[in-house]
Amino acid sequence: MSLTNVFVAQQGSSGNPKWALPELLCELAQGGDTDLVLALIRAFEDDTALRLRDTENAAASGDRAVLRKQAHAIKGSARQMGATALAAVCEQLELSASDVLVSQLLAYIDTAETEFAKVCGEMSSYSPELVRKIGNKP
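Going by the working numbering, the first residue of the sequence shown is number 398, and it counts up by one from there.
It is worth saying that the hints were derived from the structure and are not from the lab.
Because the structure is a prediction, the values reported are computed rather than measured.
Idealized CB from N, CA, C, for every residue including glycine.
It is possible that some hints are incorrect.
[Stated by the list, open to error] Derived EDC-like pairs (lysine to aspartate or glutamate); straight-line CA-CA distance at most 16 angstroms:
id	residue 1	residue 2
1	K515	D443
2	K530	D432
3	K466	D451
4	K530	D430
5	K466	D432
[What the hints assert, rightly or not] Label-pair restraints from in silico Cβ distances:
id	residue 1	residue 2	range
6	L503	G473	28 to 38 angstroms
7	V497	A436	35 to 45 angstroms
8	C517	A457	21 to 31 angstroms
9	D430	R450	25 to 35 angstroms
10	S522	A457	27 to 37 angstroms
11	S521	L447	25 to 35 angstroms
12	K530	N454	34 to 44 angstroms
13	A485	E420	17 to 27 angstroms
Can you build the whole structure from these sequences, using the hints too?
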């Protein structure tokens, strides 16, 4: 079985794929680094929560440079972790930071927070036992 087939994204009720463990993290798990995989998931959750808060504060205070920087950072880590919808919203936020109304920026941030909550819900299903099971796949 190829690594890309280890975790096929399940279909949500809306027909959209849910988050699944990215291939690189599957490789790490299969290499025995299950604790590292779990640590990366938790670090992503913790870091992104802080960055989203900082993004919202930057929008409220009108600090568009900080907003753009935080959106860029979230976009990159979200892509690495397979959170593509979150990455796409943050890319829009980053590109729009200089030239849209604050109300639109806050709408992007709200959407990013919603996508982040969805991803965290999916990530929470990856228990140590499940990641270890992935690591034991041939």
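For each hint, the structure was consulted:
1. K515 to D443: holds, 15 angstroms
2. K530 to D432: holds, 12 angstroms
3. K466 to D451: Within the cut-off at roughly 10 angstroms; holds.
4. K530 to D430: Answer holds: K530 to D430 is near 12 angstroms, not above 16 angstroms.
5. K466 to D432: The given pair, whose Cα atoms are some 30 angstroms apart, is violated under the 16 angstroms limit.
6. L503 to G473: 28 to 38 angstroms: violated, 22 angstroms
7. V497 to A436: 35 to 45 angstroms: holds, 36 angstroms
8. C517 to A457: 21 to 31 angstroms: holds, 23 angstroms
9. D430 to R450: 25 to 35 angstroms: Since the Cβ atoms of D430 and R450 sit about 30 angstroms apart, the hinted range of 25 to 35 angstroms holds.
10. S522 to A457: 27 to 37 angstroms: Holds, at about 33 angstroms.
11. S521 to L447: 25 to 35 angstroms: violated, 18 angstroms
12. K530 to N454: 34 to 44 angstroms: Holds: the Cβ-Cβ distance is about 40 angstroms, inside 34 to 44 angstroms.
13. A485 to E420: 17 to 27 angstroms: holds, 19 angstroms
Of the numbered hints given earlier, the model fails hints 5, 6 and 11; all others are met.
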